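Chemist: Taken in sequence, the protein lines are chains A and B. The first sequence begins at 1 in the numbering used here and counts up by one. The second sequence begins at 295 in the numbering used here and counts up by one.
Read the hints as simulated data drawn from the structure, not as lab findings. These figures come from a predicted structure and were not determined experimentally. Where hints are given, some of them may not hold.
[Claimed, not checked] DSBU-like, lysine-lysine: derived pairs with alpha carbons at most 30 Å apart:
| # | chain 1 | residue 1 | chain 2 | residue 2 |
| --- | --- | --- | --- | --- |
| 1 | A | Lys-271 | A | Lys-144 |
| 2 | B | Lys-445 | B | Lys-565 |
| 3 | B | Lys-565 | A | Lys-151 |
| 4 | A | Lys-271 | B | Lys-565 |
| 5 | B | Lys-445 | A | Lys-271 |
Number of protein chains: 2
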Amino acid sequence: MSYPQTREEAGNAPTVGVFDSGFGGLTVLRALVARMPWARFAFLGDTARLPYGSKSRRTIARYAAESAQFLVNEQGAQSLVIACNTASALALDAIQDAVPVPVLGVIEPGAAAARAASATGDVLVIATDATVHSHAYAAACGGKGLRALEKACPLLVPLVEEGWTDHPVTAEVIRIYLDELRSDAARQGMNPDALVLGCTHYPLLRPLIEQAIGGGTQPAIRVIDSAESTAEAALREFEGCVPAITDLPGPSAHESQQTEIRCFATDSVEKFERLGSRFLGRPVGDVGLVDLGG
Amino acid sequence: MSYPQTREEAGNAPTVGVFDSGFGGLTVLRALVARMPWARFAFLGDTARLPYGSKSRRTIARYAAESAQFLVNEQGAQSLVIACNTASALALDAIQDAVPVPVLGVIEPGAAAARAASATGDVLVIATDATVHSHAYAAACGGKGLRALEKACPLLVPLVEEGWTDHPVTAEVIRIYLDELRSDAARQGMNPDALVLGCTHYPLLRPLIEQAIGGGTQPAIRVIDSAESTAEAALREFEGCVPAITDLPGPSAHESQQTEIRCFATDSVEKFERLGSRFLGRPVGDVGLVDLGG
Chain A
1 MSYPQTREEA GNAPTVGVFD SGFGGLTVLR ALVARMPWAR FAFLGDTARL
51 PYGSKSRRTI ARYAAESAQF LVNEQGAQSL VIACNTASAL ALDAIQDAVP
101 VPVLGVIEPG AAAARAASAT GDVLVIATDA TVHSHAYAAA CGGKGLRALE
151 KACPLLVPLV EEGWTDHPVT AEVIRIYLDE LRSDAARQGM NPDALVLGCT
201 HYPLLRPLIE QAIGGGTQPA IRVIDSAEST AEAALREFEG CVPAITDLPG
251 PSAHESQQTE IRCFATDSVE KFERLGSRFL GRPVGDVGLV DLGG
Chain B
295 MSYPQTREEA GNAPTVGVFD SGFGGLTVLR ALVARMPWAR FAFLGDTARL
345 PYGSKSRRTI ARYAAESAQF LVNEQGAQSL VIACNTASAL ALDAIQDAVP
395 VPVLGVIEPG AAAARAASAT GDVLVIATDA TVHSHAYAAA CGGKGLRALE
445 KACPLLVPLV EEGWTDHPVT AEVIRIYLDE LRSDAARQGM NPDALVLGCT
495 HYPLLRPLIE QAIGGGTQPA IRVIDSAEST AEAALREFEG CVPAITDLPG
545 PSAHESQQTE IRCFATDSVE KFERLGSRFL GRPVGDVGLV DLGG
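Kindly produce the complete structure, drawing on both the sequences and the hints.
Modeler: Following this line, the structure appears as structure tokens:
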């Protein structure tokens, strides 16, 4: 059986819009493509205006709403995944108000996966400074009866962007961060059995993180990749808007290399094209430059 | 003898404006205060709109000109130091056009100090990605008959901001970067004897950098701190606008703790206040929030 190869052939194949302030969200797109290879995808990185983390909630809401409108109005997205922790934490409502399609963020699926994975009810979360300051994961986990301890790991994004995803320095930095986090948890009498990767860059560090968290005599901690959790949630939640995976031919992982993906950025197309393929697991192709204004 | 303690007492003491896109430029301010403790200083970090490095030249020029106008028109600066490599590289002309006071960037003084320090005529430059991509140091050094080899060291700013300025991980990262740089230089037949710190964060890493560059059997390489070079150049160039250091009572290094410094930021005052003192070498005090528009 064949599946759509081009936009014309795709006909009614649904378009899923994926939005991030940068290009880290390409890890979420990668997870989405693996689960919905028959869909079409439009990805927008608002690279001209990053980092969102240092901006006010109102500014972030305006930027995210403009980006969402581009994906829906210009790219025909019938559903949206907000593959950005900051925007998911601070602007999900504003985005939902701005566009008439279902919108899914990364935080709720990550917390739900932690709930499903944890027997003790205690979970750890690592993320950027901005995400930790928002306490969005702690709130989402708390809403599900979990106790969450969050830790900012500001060196991990630069290490990934330097390409040191399998480097002794990165392994050492991860070991230091996770040792500090486990010590803090022990001091608070917590007994964590799950670790949420609360940043879209971190899936590239998963092997090193699993090595660090599984080592020694400490009890095992399960790693929750919120990119994977979000893709699974998208598959369930968008059922009304996109055909269920069983209704359409399911190409193999190899064939999903041919899924249609259009990438856009608001600036820094060069860096996006250079680094993006590592996040997406395949070439990002030409990245379109979009002007959303100041 | 006494020197001005307050703005009122200071009377005619000159105000030097210092501008950066973030707060790294506080290392330049620190060097300026050490040389002109009798002056008053107004520092602006355009933190809401950083990083400048990923933006277009036109946008950077507009941001930098607005920031310079704030320092001159609102804070009464009679001279300006652009303590930001990106703005110095891409917007010095635009700033000079925007304000009627002398303006000094960080790149020219760094290159001049390298020229004075180098016997071989070959120099190394480490800086951020954006500064290296601008090749501003290579051009400034080339104009003085030097051959410069530049290397981007994107992990160093995050390591400084994490507070790991005396950490084994940072020492290892510096060793890796400098080994790569020296190997590249050797491959190109260069014989460098000076290393320019082309980023305002790097003075905090000077001890580790000197350790790494001085080690082993390789010939000695002199470290040029462009913050120090810029402060020395400011003292010379602003002679007409500010009294020469010999004309005014010179307080000791201890007394320079009392030099009047007013700090402003366009966002993220919390991070500025938390991290700034490490860069400035004394508390930054209350940081005023300034709105320069989008």
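Chemist: So, for every hint listed, does it hold in this structure?
Modeler: Each hint tested on the structure:
1. A:Lys-271 - A:Lys-144: violated (38 Å)
2. B:Lys-445 - B:Lys-565: holds (28 Å)
3. B:Lys-565 - A:Lys-151: holds (17 Å)
4. A:Lys-271 - B:Lys-565: holds (27 Å)
5. B:Lys-445 - A:Lys-271: holds (17 Å)
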